[in-house]
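**Student:** Please take these sequences and the hints and turn them into a complete structure.
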Amino acid sequence: MTKYTLLIYGDPAEWEAMTGEQRAAHDAGHAEFRAAAGDRIIGGQELEPAPTATTLRGTTTSDGPFLETKEALGGFYLLEAADLDEVLALAKLLPEVRAGHSGVEIRPVVDHG
Amino acid sequence: MTSVADALAQAHRRDWAQVLATTAQVTRDLDLAEECTQDAYAQAMETWRRDGVPSRPGAWLTRVARNRALDLLRREAAWRRRLPLLVASDPSPGDDRLRLVFTCCHPALSREHQVALTARLVCGLSTAEVARAFLVSEPTMAARLTRAKKKIATARIPYRVPPPEALAERLEPVLEVVHLLFTTGHTAPTGPALTRADLTASAIELARTLHLLMPRSAPVTALLALLLVIDARAAARVGADGRLLLLSDQDRTLWNHDRITEGVSLLTESLRRHPPSRFAVEAAIAAVHAEAPSWEQTDWSEIIGLYAVLLRLTGNSPVVTLNRAVAIGFRDGPAAGLAALQPLTGEPALATYPYLAAARADFLRRLGRVAEAVTAYEEALALTANETERAFLTARLQGLEE
Chain A
1 MTKYTLLIYG
11 DPAEWEAMTG
21 EQRAAHDAGH
31 AEFRAAAGDR
41 IIGGQELEPA
51 PTATTLRGTT
61 TSDGPFLETK
71 EALGGFYLLE
81 AADLDEVLAL
91 AKLLPEVRAG
101 HSGVEIRPVV
111 DHG
Chain B
1 MTSVADALAQ
11 AHRRDWAQVL
21 ATTAQVTRDL
31 DLAEECTQDA
41 YAQAMETWRR
51 DGVPSRPGAW
61 LTRVARNRAL
71 DLLRREAAWR
81 RRLPLLVASD
91 PSPGDDRLRL
101 VFTCCHPALS
111 REHQVALTAR
121 LVCGLSTAEV
131 ARAFLVSEPT
141 MAARLTRAKK
151 KIATARIPYR
161 VPPPEALAER
171 LEPVLEVVHL
181 LFTTGHTAPT
191 GPALTRADLT
201 ASAIELARTL
211 HLLMPRSAPV
221 TALLALLLVI
231 DARAAARVGA
241 DGRLLLLSDQ
251 DRTLWNHDRI
261 TEGVSLLTES
271 LRRHPPSRFA
281 VEAAIAAVHA
291 EAPSWEQTDW
301 SEIIGLYAVL
311 LRLTGNSPVV
321 TLNRAVAIGF
331 RDGPAAGLAA
341 LQPLTGEPAL
351 ATYPYLAAAR
361 ADFLRRLGRV
371 AEAVTAYEEA
381 LALTANETER
391 AFLTARLQGL
401 EE
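As they're listed, the protein sequences go chains A and B. Okay, so the first sequence: first residue is 1 according to full-length UniProt numbering, each after it adds one. Okay, so the second sequence: first residue is 1 according to full-length UniProt numbering, each after it adds one.
Think about it this way: if two alpha-carbon atoms lie no more than 30 Å apart in a straight line, the pair counts; the simulated DSSO-like pairs of lysine-lysine are:
1) A:K3 x B:K150
2) A:K92 x B:K151
3) A:K92 x B:K150
Selected chain A positions facing chain B (in silico; Cβ < 10 Å):
4) T2
5) D83
6) L84
7) D85
8) E86
9) L88
10) A89
11) P108
12) V110
13) D111
In case anyone wonders, no lab produced these hints; they're calculated from the structure. Glycine included, every Cβ here is placed at the ideal spot set by N, Cα and C.
**Tutor:** Printed below as a string of structure tokens:
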């Protein structure tokens, strides 16, 4: 088994602007993903918006996310799966894959074992 | 009697992928499988010279490569800790070679990685040969192959044929890569020869394998049809003196008419039940040329109509627009052709594409607009790196300047 992170990127303004109905559909998408992934999910969190981030670079502490891009990291899942195809099939359930402004990056986690 | 070298070359082209794919089932590691496959071919040269060519060279090579892999694995005490690269697949329908092709063309790999891996692992070209065919230096190609194999290993791209519901989506990059291998060989991007027959032969072998394994897939059938009909003209494309011969000047008796017949019948089969894929329309265009008794009797209206269909399927591809303009020029005269090229001026996708300048040059020459034609030929020459094509353009340019 390999561990993967699913990093969810998108435009925070678009996420903010979701109506109650859109939010409900969005949450239902995540519920469907979690149900399908089952105990392959090891962890995951939604993150507070990018302006709440604090960045450390050398000795400098600064306000904001590490990368100043329009599309920010909004949350992540940590998943354990047999191979990439298994992860791809699950990740397709995430609503962020279909919204125009967002997407999901899948990265294997380094195995130090 | 074929020599050992010929038998080996044939076994290389025909069996490399099968030997590698079967060995990979044992090693679960593409790098190691590649090493063992290479060893088997090296050993074949020696053993076959001494004992003669075995009756089934592919089976011989597979046995030797597998045994070599098992030896190495046994010797390697820590092999169980080796990152298992190739996720063992359920016994799925299909063939080891097919598994290898789908692994190399996984959509999680970039197109350039897909092409490099397929050429190296499935077609069995050396890193130097792949580098030469795709115009990069050997170290660059070696690094590209290493990165791609590393991604397969660390991201765990599985070694299997995708399930039926994912097949259509996953087949597309495979067909694109096979097509790209063929076109790269059909007009080599650089070098003295017009073609790289090893690449076109490998691409046809691959398309044949796909068709054997997926006989009911319409786009697979169409791709094989396309490659066969285009390749049927190979012997006529260059004159005895090495000069490039345009379709209009080719000796049609040199065309391989068996291949044309086979290709056309495959095309008919592919069109019988399915809406035409891009490859089917391209094959249909090639078939109209192949079945015309002479250049003068080419059905240009049919070809222009097919290009219109292809434009829709490719989202108005500039290259298709260019080809359609050339066909219009042949049916309605050079002025009409030149007008049809007009929308392509300044098209960024064609900025380094020599055939736009070459087509303009030809229309201008036929219209007697000599000065403009000279400029256009010079532009085409500046963009062409294939020596045979350069010689052709230079001859046309000299003809104008006399």
